[in-house]
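One-letter residues, chain by chain:
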Amino acid sequence: GAVVSQHPSRVICKSGTSVKIECRSLDFQATTMFWYRQFPKQSLMLMATSNEGSKATYEQGVEKDKFLINHASLTLSTLTVTSAHPEDSSFYICSAREVTVYNEQFFGPGTRLTVL
Amino acid sequence: GNSVTQMEGPVTLSEEAFLTINCTYTATGYPSLFWYVQYPGEGLQLLLKATKADDKGSNKGFEATYRKETTSFHLEKGSVQVSDSAVYFCALRLGQGAQKLVFGQGTRLTINP
Chain G
318 GAVVSQHPSR VICKSGTSVK IECRSLDFQA TTMFWYRQFP KQSLMLMATS NEGSKATYEQ
378 GVEKDKFLIN HASLTLSTLT VTSAHPEDSS FYICSAREVT VYNEQFFGPG TRLTVL
Chain U
581 GNSVTQMEGP VTLSEEAFLT INCTYTATGY PSLFWYVQYP GEGLQLLLKA TKADDKGSNK
641 GFEATYRKET TSFHLEKGSV QVSDSAVYFC ALRLGQGAQK LVFGQGTRLT INP
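Protein chains in written order, with my numbering: chain G, 318 to 433; chain U, 581 to 693.
Derived by calculation from the structure, the hints in this document are not laboratory data.
Beta carbons: idealized from backbone N, C-alpha and C, even for Gly.
One or more hints might be untrue.
What the hints assert, rightly or not - Chain U residues, not near chain G, derived (Cβ > 10 Å throughout):
no., residue
1, 584
2, 604
3, 609
4, 642
5, 652
6, 654
7, 657
8, 661
9, 674
Stated by the list, open to error - Label-pair restraints from in silico Cβ distances:
no., chain 1, residue 1, chain 2, residue 2, range
10, G, 376, U, 589, 23 to 33 Å
11, G, 389, U, 656, 39 to 49 Å
12, U, 649, G, 327, 36 to 46 Å
13, U, 592, G, 382, 35 to 45 Å
14, G, 385, U, 649, 24 to 34 Å
15, G, 324, U, 589, 21 to 31 Å
16, U, 650, G, 331, 44 to 54 Å
17, G, 325, U, 688, 40 to 50 Å
Looking at chain U on its own, in the form it has when it is part of the complex (with noise of 0.2 Å):
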């Protein structure tokens, strides 16, 4: 079947310090890969995508390579903020045509000044 695996959490790191979230997927298929934050109280909101092998999502310091031979869409930042303070979700969509979005289970990401 088609899932996703992430991180396990709570994370917590100092500001300034380097991020990295794990996520591998299992998917039949070439699938679409994605990274939603969720912050406190809000709905997710997609901060990346990326949707073919080798491809880089960014977006506000974030980045994801698309590995396919290591079916792995890790999320890495540079320099942390306490902002960024949220919940990170992974997931996966199959087919640019499908709708449907399987995620994983959630990372919540605490950054102390």
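This is chain G alone, in the form it adopts within the complex (with noise of 0.2 Å):
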């Protein structure tokens, strides 16, 4: 399958601070990625598609303005948790869809995120 890479694998900052959280595809082109969040114990819930190229379009109830997406190549796909509160702490997930083999949603190895 295709492999997708996430960066960093755990993170810990200050309240108030702002996180980057990267997600690379490495062996193929991906115009669209997702973001997903985890709670403990919970499902993955789809926080906004990255499209190359374009403004990502978020789901309901996320904060566009607090979570700042940026795919502004075909690889590469960034997360930005500006001004990060202790409620901002959990699991992201991101996903690349391959087009052109698989059709289908391949998932990065997640990255924590721990607010202090």
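Need the complex rebuilt from these two chains, each delivered in its own frame; the hints are there to steer you.
Okay, structure coming up:
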């Protein structure tokens, strides 16, 4: 299958700071990437759909000014959590859609964000 | 709305036991159905899928049949192994052109030797 990486895998930051998480498709180009949030023992909730070269589409209830998404190339999307607060602590997972061979989403390993 | 409900975990079985993880869905339209698996410390991997009613998805000894009449997509395996220990997610996607996945809450499976 296709490979998606995320960096960092874990990050701890102070309240009020911003944190950037990278999502990369390593062996394919992805015009569409997705960002999910997963709370402990809960499901993945789609936050936004990231489209290369255009603005992200956010799900209802997700603050676009809080969670900035940039998809500047066909292999990289970034999620920046601005002015992070403890309630933003969570597991963030990205996926990228591979359309040439599999036509499916492939998921990154996730990033654990802890805001102190 | 569209939603997926999974059997609550955690589920603990002995090696070689029979596994069933229940999944039911609510959807407007005709969804594709998926099972994803998340091994410890890794991302989600697609385990199997079915795109229309009565389709059976299978992979690595796991099977699931798309039952439109009962809106279900239960995951089964005849003889589980310790290496099957993971979290399993049922999901749906609406329409072939659609991209959004709606996930169930996940079921943690532990297989003891």
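Tested hints:
no.: 1; hint: 584; in the structure: violated, 8 Å
no.: 2; hint: 604; in the structure: holds, 14 Å
no.: 3; hint: 609; in the structure: holds, 18 Å
no.: 4; hint: 642; in the structure: holds, 16 Å
no.: 5; hint: 652; in the structure: holds, 18 Å
no.: 6; hint: 654; in the structure: holds, 18 Å
no.: 7; hint: 657; in the structure: holds, 20 Å
no.: 8; hint: 661; in the structure: holds, 21 Å
no.: 9; hint: 674; in the structure: holds, 13 Å
no.: 10; hint: G:376 to U:589: 23 to 33 Å; in the structure: holds, 26 Å
no.: 11; hint: G:389 to U:656: 39 to 49 Å; in the structure: holds, 43 Å
no.: 12; hint: U:649 to G:327: 36 to 46 Å; in the structure: holds, 45 Å
no.: 13; hint: U:592 to G:382: 35 to 45 Å; in the structure: holds, 44 Å
no.: 14; hint: G:385 to U:649: 24 to 34 Å; in the structure: violated, 45 Å
no.: 15; hint: G:324 to U:589: 21 to 31 Å; in the structure: holds, 30 Å
no.: 16; hint: U:650 to G:331: 44 to 54 Å; in the structure: holds, 50 Å
no.: 17; hint: G:325 to U:688: 40 to 50 Å; in the structure: violated, 25 Å
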